[in-house]
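Peer 1: If you want the building blocks of each chain, they are given just below.
2 protein chains.
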Amino acid sequence: MDFTAQLQAYRARIEHGLDTLVPAATTRPARLHAAMRYSLEAGGKRLRPVLTLAAADLFGGIAESKIENLRPATAGTNTGPAAAGNGAKSKTQNALPVAVALECLHTYSLIHDDLPCMDNDDLRRGRPTAHKQFDEATALLAGDALLTLAFQLVGRHYAGSPALCAALTREIADAAGSEQLIGGQMEDLLAERKADATAAELEFIHRNKTGAMLTAALVAGGLCGGATESQLTALREAGRHLGLAFQIIDDILDATADTATLGKTAGKDARAGKTTYVKLHGLEASRRHAREQSDAAKADLARLPGGAPFLTTLVENMAARTR
Amino acid sequence: MDFTAQLQAYRARIEHGLDTLVPAATTRPARLHAAMRYSLEAGGKRLRPVLTLAAADLFGGIAESKIENLRPATAGTNTGPAAAGNGAKSKTQNALPVAVALECLHTYSLIHDDLPCMDNDDLRRGRPTAHKQFDEATALLAGDALLTLAFQLVGRHYAGSPALCAALTREIADAAGSEQLIGGQMEDLLAERKADATAAELEFIHRNKTGAMLTAALVAGGLCGGATESQLTALREAGRHLGLAFQIIDDILDATADTATLGKTAGKDARAGKTTYVKLHGLEASRRHAREQSDAAKADLARLPGGAPFLTTLVENMAARTR
Numbered sequence: 001m002d003f004t005a006q007l008q009a010y011r012a013r014i015e016h017g018l019d020t021l022v023p024a025a026t027t028r029p030a031r032l033h034a035a036m037r038y039s040l041e042a043g044g045k046r047l048r049p050v051l052t053l054a055a056a057d058l059f060g061g062i063a064e065s066k067i068e069n070l071r072p073a074t075a076g077t078n079t080g081p082a083a084a085g086n087g088a089k090s091k092t093q094n095a096l097p098v099a100v101a102l103e104c105l106h107t108y109s110l111i112h113d114d115l116p117c118m119d120n121d122d123l124r125r126g127r128p129t130a131h132k133q134f135d136e137a138t139a140l141l142a143g144d145a146l147l148t149l150a151f152q153l154v155g156r157h158y159a160g161s162p163a164l165c166a167a168l169t170r171e172i173a174d175a176a177g178s179e180q181l182i183g184g185q186m187e188d189l190l191a192e193r194k195a196d197a198t199a200a201e202l203e204f205i206h207r208n209k210t211g212a213m214l215t216a217a218l219v220a221g222g223l224c225g226g227a228t229e230s231q232l233t234a235l236r237e238a239g240r241h242l243g244l245a246f247q248i249i250d251d252i253l254d255a256t257a258d259t260a261t262l263g264k265t266a267g268k269d270a271r272a273g274k275t276t277y278v279k280l281h282g283l284e285a286s287r288r289h290a291r292e293q294s295d296a297a298k299a300d301l302a303r304l305p306g307g308a309p310f311l312t313t314l315v316e317n318m319a320a321r322t323r
Numbered sequence: 001m002d003f004t005a006q007l008q009a010y011r012a013r014i015e016h017g018l019d020t021l022v023p024a025a026t027t028r029p030a031r032l033h034a035a036m037r038y039s040l041e042a043g044g045k046r047l048r049p050v051l052t053l054a055a056a057d058l059f060g061g062i063a064e065s066k067i068e069n070l071r072p073a074t075a076g077t078n079t080g081p082a083a084a085g086n087g088a089k090s091k092t093q094n095a096l097p098v099a100v101a102l103e104c105l106h107t108y109s110l111i112h113d114d115l116p117c118m119d120n121d122d123l124r125r126g127r128p129t130a131h132k133q134f135d136e137a138t139a140l141l142a143g144d145a146l147l148t149l150a151f152q153l154v155g156r157h158y159a160g161s162p163a164l165c166a167a168l169t170r171e172i173a174d175a176a177g178s179e180q181l182i183g184g185q186m187e188d189l190l191a192e193r194k195a196d197a198t199a200a201e202l203e204f205i206h207r208n209k210t211g212a213m214l215t216a217a218l219v220a221g222g223l224c225g226g227a228t229e230s231q232l233t234a235l236r237e238a239g240r241h242l243g244l245a246f247q248i249i250d251d252i253l254d255a256t257a258d259t260a261t262l263g264k265t266a267g268k269d270a271r272a273g274k275t276t277y278v279k280l281h282g283l284e285a286s287r288r289h290a291r292e293q294s295d296a297a298k299a300d301l302a303r304l305p306g307g308a309p310f311l312t313t314l315v316e317n318m319a320a321r322t323r
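Sequence order for the protein chains is S and G. Residue numbers for the first sequence follow my numbering, so the first one is 1 and each next one is one higher. Residue numbers for the second sequence follow my numbering, so the first one is 1 and each next one is one higher.
You can trust all of the hints, since none of them are fake.
Pair by pair, the computed Cβ-Cβ distance ranges are:
1) 288/S - 28/G: 24 to 30 Å
2) 309/S - 25/G: 44 to 50 Å
3) 273/G - 274/S: 41 to 47 Å
4) 43/G - 120/S: 31 to 37 Å
5) 303/G - 194/S: 57 to 63 Å
6) 122/S - 295/G: 51 to 57 Å
7) 198/G - 203/S: 51 to 57 Å
8) 127/G - 3/S: 53 to 59 Å
9) 24/G - 16/S: 40 to 46 Å
10) 41/S - 305/G: 45 to 51 Å
11) 282/G - 135/S: 30 to 36 Å
12) 126/G - 316/S: 54 to 60 Å
13) 305/S - 309/G: 57 to 63 Å
14) 316/G - 194/S: 51 to 57 Å
To be clear, the hints were calculated from the coordinates, so they are not data collected in a lab. Only a predicted model underlies this, so the values are computations on that prediction, with no experimental measurement involved. Heads up, the beta-carbon is just placed ideally off N, CA and C, and yes, glycines get one too.
All chains, full assembly: derive it from the sequences and hints.
Peer 2: Okay, structure coming up:
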């Protein structure tokens with residue numbers, strides 16, 4: 001299967017997983033679940049869950065029988081068909097619940113980030129943000145609920161493989177915690193307030209606000225696939241470089257692309273007086289650093305089984321956007 | 001040890017656990033960790049973690065060697081002394097990290113509940129609420145971080161006992177999720193908006209907003225202590241009745257006690273036009289129902305080893321407040 005077909009296949013699996021693993025919009029309280037689904041259904045690239053499924057696919061996988069895959073542990077809380085993705089026989093099937101969990105975490109962080117007390121954004125991917133479509137209290141609770149759902153999914157769907165369940169819980173909780181994802185958000189807020197961030201502060205923000213969850217997505221896939229310690233290290237290193245490349249490229253695009261190409265308002269960072277990679281290092285050095293980071297990510301991926309061709313192409317395509 | 005001395009001993013252990021297991025206020029980002037600690041240090045009864053430690057104490061406990069108790073799994077994220085509570089040799093020591101996790105979850109729900117878009121409270125336990133002391137964005141992120149920290153603590157400190165780790169993750173995530181704790185918050189908001197809630201709606205709110213986490217606290221203790229399935233069921237039933245009793249008693253006190261006795265503003269619910277148990281059922285029936293629920297909780301506790309004297313007295317003392 002070529003890259004594009006594989007990417008589409010992963011995304012289709014993820015959409016199916018989101019639909020079946022997240023409580024139905026009719027589940028009480030309906031307004032809360034409708035808001036959770038509204039934000040999840042806004043789409044986006046599904047980058048994090050794609051990384052998880054692709055990383056899991058690199059390895060032999062853990063015996064299906066050991067994982068209570070897509071089978072809810074408690075009767076009362078199931079809301080979708082019990083055997084989501086039936087027929088999709090693949091070892092990445094194991095990784096689907098945690099892939100969905102990562103998308104829930106990403107979506108929660110966007111909902112809370114958009115709130116009036118944070119970035120105060122009215123639009124997200126061309127649609128009203130959650131607090132505009134519903135109201136602030138509902139958006140706040142929908143974010144809280146998506147954050148919690150990530151751990152419900154891990155607790156429920158890996159119950160038959162407790163060591164995997166424990167490792168996934170630790171991995172994604174630490175990545176989402178106060179010293180990584182949320183720490184990055186907080187430092188980002190503080191940097192905005194004082195207008196001038198240093199290079200070290202910007203790297204802290206990028207590494208934690210973006211890099212932590214990309215890394216956790218790759219490592220979670222590796223854990224589901226049964227990667228060895230040294231393979232997990234390669235995934236972790238690749239995630240770190242990918243996260244920095246991703247954020248530098250985002251800053252370059254904000255400074256150079258037009259709004260139509262970007263699919264979101266261009267030049268927003270500069271107008272907001274926000275410290276970006278481009279502002280600190282200039283366009284030339286930023287392009288060079290983005291290239292260095294994506295090359296480093298590719299070097300890490302090359303150490304994985306088969307040279308991880310899908311993930312390598314993903315990194316190359318991302319880097320190609322800035323030329 | 002008599003009841004009061006035991007309660008004090010549990011609380012001292014919990015304060016110590018909070019201090020050593022939550023990142024120091026100097027950990028980067030310092031403002032975020034300071035806000036998390038500010039809210040945790042506001043005090044309160046520590047009811048949930050007390051329930052956890054007391055429930056764990058009823059049983060034989062799981063071999064210490066199987067639990068990486070208070071020893072962080074990853075070096076980089078430790079911020080306090082590695083061996084918190086050294087010298088406090090007790091089988092409930094095992095239960096301390098999840099007891100702290102439950103207090104983190106409770107505190108996060110209070111911080112978010114106090115935000116302007118929710119209850120918009122300026123004071124909590126006589127001190128400025130988190131968003132008043134810091135700012136809204138910091139309070140939002142501190143709540144998110146405490147919610148996440150609960151799962152970091154479970155993932156980290158029970159790594160050596162993966163089955164326990166997985167069971168605790170599932171138990172507390174489901175209790176805190178969109179169909180229980182957050183669901184109760186959402187229904188509470190919706191009920192306030194329409195001013196008149198039905199008895200069934202009020203019971204849904206009470207059962208989920210309060211009962212779910214009290215139940216999870218007892219069950220988490222039982223899991224740490226090594227309770228059997230039928231003992232876990234007794235704890236679960238006791239938690240359900242305790243949760244309802246607790247909430248009815250809270251409504252009775254709001255209607256009858258003066259502010260000084262209560263330690264918070266009395267009559268607030270009635271003035272806010274909020275539907276309470278007393279408003280729906282009258283004072284007489286409310287007192288009877290509170291008694292029925294606390295008696296039912298005591299009957300469940302009586303099925304546990306030794307008749308669970310500490311927990312039984314806890315329930316009796318709570319019920320006695322309304323007479």
